[in-house]
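Student: Listed below, chain by chain, are the residues.
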Amino acid sequence: MKSIQQYKLSDLTHGLDVAIKGNPDCIVTGVSPIQASHAGHITFLTNASYKKYLKTTDASIVILSEADAIECDKTAVICKNPYYIYAKIAEHFKTNKNKISGIHPSAIIGENCVIDKTANIGAHCVIGNGVNIGAEAQLDASVTIYDNVQIGARVHLSSGVVIGSDGFGFANEKGIWHDVPQLGTVIIGDDVSIGANTVVDRGALENTIIENGAKLDNLIQVAHNVHIGAHTIIAGCVAIAGSTKIGAHCMIGGGTCFAGHITICDKVIITGMTAVTKSITEPGMYSSGIVGAVPNLEFRKNNARFHRLDNLIERVKHLESELKAIKEGDHHE
Amino acid sequence: MKSIQQYKLSDLTHGLDVAIKGNPDCIVTGVSPIQASHAGHITFLTNASYKKYLKTTDASIVILSEADAIECDKTAVICKNPYYIYAKIAEHFKTNKNKISGIHPSAIIGENCVIDKTANIGAHCVIGNGVNIGAEAQLDASVTIYDNVQIGARVHLSSGVVIGSDGFGFANEKGIWHDVPQLGTVIIGDDVSIGANTVVDRGALENTIIENGAKLDNLIQVAHNVHIGAHTIIAGCVAIAGSTKIGAHCMIGGGTCFAGHITICDKVIITGMTAVTKSITEPGMYSSGIVGAVPNLEFRKNNARFHRLDNLIERVKHLESELKAIKEGDHHE
Amino acid sequence: MKSIQQYKLSDLTHGLDVAIKGNPDCIVTGVSPIQASHAGHITFLTNASYKKYLKTTDASIVILSEADAIECDKTAVICKNPYYIYAKIAEHFKTNKNKISGIHPSAIIGENCVIDKTANIGAHCVIGNGVNIGAEAQLDASVTIYDNVQIGARVHLSSGVVIGSDGFGFANEKGIWHDVPQLGTVIIGDDVSIGANTVVDRGALENTIIENGAKLDNLIQVAHNVHIGAHTIIAGCVAIAGSTKIGAHCMIGGGTCFAGHITICDKVIITGMTAVTKSITEPGMYSSGIVGAVPNLEFRKNNARFHRLDNLIERVKHLESELKAIKEGDHHE
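Chains as they are written, first to last, in the numbering used here: chain A, 1 to 333; chain B, 1 to 333; chain C, 1 to 333.
For reference, chain A alone in the conformation it holds in the complex (with noise of 0.2 Å):
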């Protein structure tokens, strides 16, 4: 990553809680990352994986913890959190920081609209009627927001972004589904990021809500009446059905599907491609299946020995009962 900015590592961690070991005067010239890094650069240790690159790295400065700061010989940045840290050191080297604000002339604007003057919004996004949408957030290119939709202040909403789509109810008479008709909003709290081409349906007669700090990834789909807490952050692909609960501070893999109608309660962390089918009452890790590739002939052996388990516990019935009839015969002599 090329950067004609500079700065003194001093100015790049002030106000932060962190101790320099080191030259606090040195200039840094850019971030990289620890495997690939350059002279004159600042970068971080967080992953285990990536420790063995300390020793090689060519970055002048590692933002890391106590403990690997024995281990490093260069200019360390000591701290309790170095991703957090680095995050707020590398905010100086965006390239586009000074963006300014304001509504592109593409963009199609709606009818009684609350817009705050400090709102980004892209080229080419329509924005329905009666939407609030608050200060610092920035819509990207081609977002679209249907009508009455509420958006905190400092959302950031990526490019191909639905937001207040018609929930999916369809009432079947006589094999032909008809319209229900999908008469709430969507409402995003404060803080709130959402990812490219994500889709989040308006509510079927109550609201579909993501509190404040909730971090959406690509490519996800909330549907009706979904409310995710606060602090959530949930990765790519997801899919919640409607009327689904999810808590505040969890933390979802990517490609993982809940069911409707069910309650997720707070600080839950689903892995990746998990199915949640059903309410989960307490904190803690959970995931579902069979999960690791393996060569496909091995997968096919499996998935016949998994269709043979009925088989395998019928022989193992027949033993136990052969068995008890040896050692009942053993008696009887």
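I should point out that these hints are in silico values taken from the structure, not numbers from a laboratory. Among these hints, one or two may not hold up.
Remember, identical chains collapse to one label, so a pair may be satisfied in a single copy or spanning two.
[Stated by the list, open to error] In silico lysine-lysine, BS3-like type, Cα no more than 27 Å apart, as pairs:
#1 K52 - K21
#2 K278 - K245
#3 K80 - K52
#4 K317 - K21
#5 K117 - K267
#6 K8 - K94
#7 K174 - K80
#8 K80 - K267
#9 K52 - K278
#10 K51 - K174
#11 K52 - K245
#12 K327 - K317
#13 K245 - K21
#14 K324 - K55
Keep in mind it's a predicted model, so treat the numbers as computed, not measured.
Here the structure of chain A is known, so what remains is to put chains B and C in place on it, guided by the hints.
Tutor: What follows is chains B and C alone, placed relative to chain A:
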């Protein structure tokens, strides 16, 4: 859900096959869910798990079955299909029901299109050449339709829908993938609904077809040459690989994937996150895999046990031969 | 598929490595699939399950292998790679092959872009600042490209594609998620094809890279720092988590998910809906889980049996110890 509309109950049920227990002249000021209703509102009961709210709801009127009506001390709208009756009544409370039709000036329309004058095309839609769009079709903002696609009457396409993109066809010659021209198009019948950011690819040689009354949710992948039967309903994040045919009156759960070149007969129900790898020839409900999130520790144990199944089978075989030897020993003694 | 073009067969095969059995001067009026062809049309046979149509097809000419040609009584175009030869011949029947190139007036182009004059940018595309787009690149309508993305020659991006959105990076400090600046960009090589509504995030520090000739289908999630090797083909709805590297000449089935920070070597085939959680270091075909839809009742039994595996193992252990006791009893007698 706030509303300024209000109606006499008998006006709302006019023409519907219902019986009213209580005052047919009472005034209805809104619709709301049974667990969070308001005085003056009408609600409905269809899901057994919400029956507990029947005694406590603040709603003044409840739409419900004859069986449930026995326990209802409110004004009751008694019918065979409460959800359908609710859908019909709720239509009166839509706030945008008088929406005018027409083509938004920011939409781009190709050459030689035939667009019914009652169709509605939203802001920033892009319509290719030679496209037909039927009466009362509703394209929300930012829908993209490629050349020669045919869209029936009363079709509803949500924002971000893409219809008629090239199918995924490549021929490999000496390690390099070469484009296979996608010469078909997409034919969408009447009364079809397609959710936000869903994609329907054009056919390779034949057409991709979605028959009358089919309902597709958000973020669904419909590959080239797929055929979806009439009145089939498909939940979010389903992927249907090329040339697969799904029958009429099917119900497909969210996150399910279909292999290519298979045929699913009419009236098949597939539960969520199923991997459908072979044709299905009998109506019924089908599923795959191991679902249901369990604590991660249990999940790890399950995975380990699963991968030791082979060992278990060997141990059972060994027990069987030993037991046989013992019994034969008995006989020979 | 209707077409007004017609060609002499020998003109269509000019320059291709084929042998013609029959009349090379016959007139070809269109292309169609073997099971639904027309007199005067050319078709192809590659999939063994369609061989049954060879005798009954109405096509006048069939592209096929030498082995299959023995059973063909039509004019035959005999070659080693019938699907590739078909792809080359079918190009003549594309109706939009003379499409003019250029930038649609409704597209929004940022500052300091370098866009080859032969590139084609569709309606309502949004191109950020500092973007490079190579010769004959084709961006269909409503594609969004963020700042500084580089796109090679002959790249094809379908509608709704988003390239260069922020990677999903947040650092947690005291329960609150903080943005980690995404300072890299996306580099897309030559001859890459990306399907509708697919998203490719920009890198955090390094770049997200898609190498020459890679083909991506619709609704795919490519997270930050991912590296996709040359001539790798990826089917729809695949999710690739951050920093994962997929080698060259791989084939990835639809609905598959990759964990982050893993490496897949060259020439790996992954079947659909696999959960790839670890690196793969040997070429070959890999899969995971239990796939294949079965009747729901059987599925429920399988789930129950699976969760009783532990009990089965205990019963086998018990049998083993009892049998041991019996045998030792025999010895002591």
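Student: One pair to classify: K80 and K267, alpha carbons no more than 27 Å apart. Within, between, both, or neither?
Tutor: within (22 Å within a copy, 42 Å between copies)
Student: Could you place K51 and K174 in one of the four classes (within, between, both, neither) given a Cα distance threshold of 27 Å?
Tutor: between (64 Å within a copy, 24 Å between copies)
Student: How would you label the pair K52, K21 (within, between, both, or neither) given a Cα cut-off of 27 Å?
Tutor: within (20 Å within a copy, 64 Å between copies)
Student: Tell me, please, which holds for K324 and K55 at an alpha-carbon limit of 27 Å: within, between, both or neither?
Tutor: neither (65 Å within a copy, 56 Å between copies)
Student: Within, between, both or neither: how does the pair K174, K80 come out at a Cα-Cα threshold of 27 Å?
Tutor: between (63 Å within a copy, 11 Å between copies)
Student: For the identical chains here, do K317 and K21 meet the 27 Å Cα criterion within one copy, between copies, both, or neither?
Tutor: Neither: 68 Å inside a chain and 58 Å across chains, both beyond 27 Å.
Student: Give the relationship of K80 and K52 under a CA distance limit of 27 Å: within one copy only, between copies only, both, or neither.
Tutor: Close inside one copy (20 Å), not across copies (49 Å); limit 27 Å.
Student: When no copy is named, should K278 and K245 be tagged within, between, both, or neither for a Cα gap of at most 27 Å?
Tutor: Within one copy only: 11 Å inside a chain, 31 Å across chains, cut-off 27 Å.
Student: Go through the copies and call it for K327 and K317: within, between, both or neither, with a Cα cutoff of 27 Å.
Tutor: Both ways: K327 and K317 sit 15 Å apart in one copy and 17 Å across, limit 27 Å.
Student: Taking 27 Å as the upper bound on the Cα-Cα distance, should K52 and K245 be classified as within, between, both, or neither?
Tutor: between (42 Å within a copy, 19 Å between copies)
Student: Classify it for me, K52 with K278: is the Cα-Cα distance of at most 27 Å met within a copy, between copies, both or neither?
Tutor: between (42 Å within a copy, 19 Å between copies)
Student: How do K117 and K267 come out at 27 Å by Cα distance, when the copy is not named: within, between, both, or neither?
Tutor: neither (36 Å within a copy, 53 Å between copies)
Hint compliance for this structure: hints 4, 5, 13, 14 are broken, all remaining hints hold.
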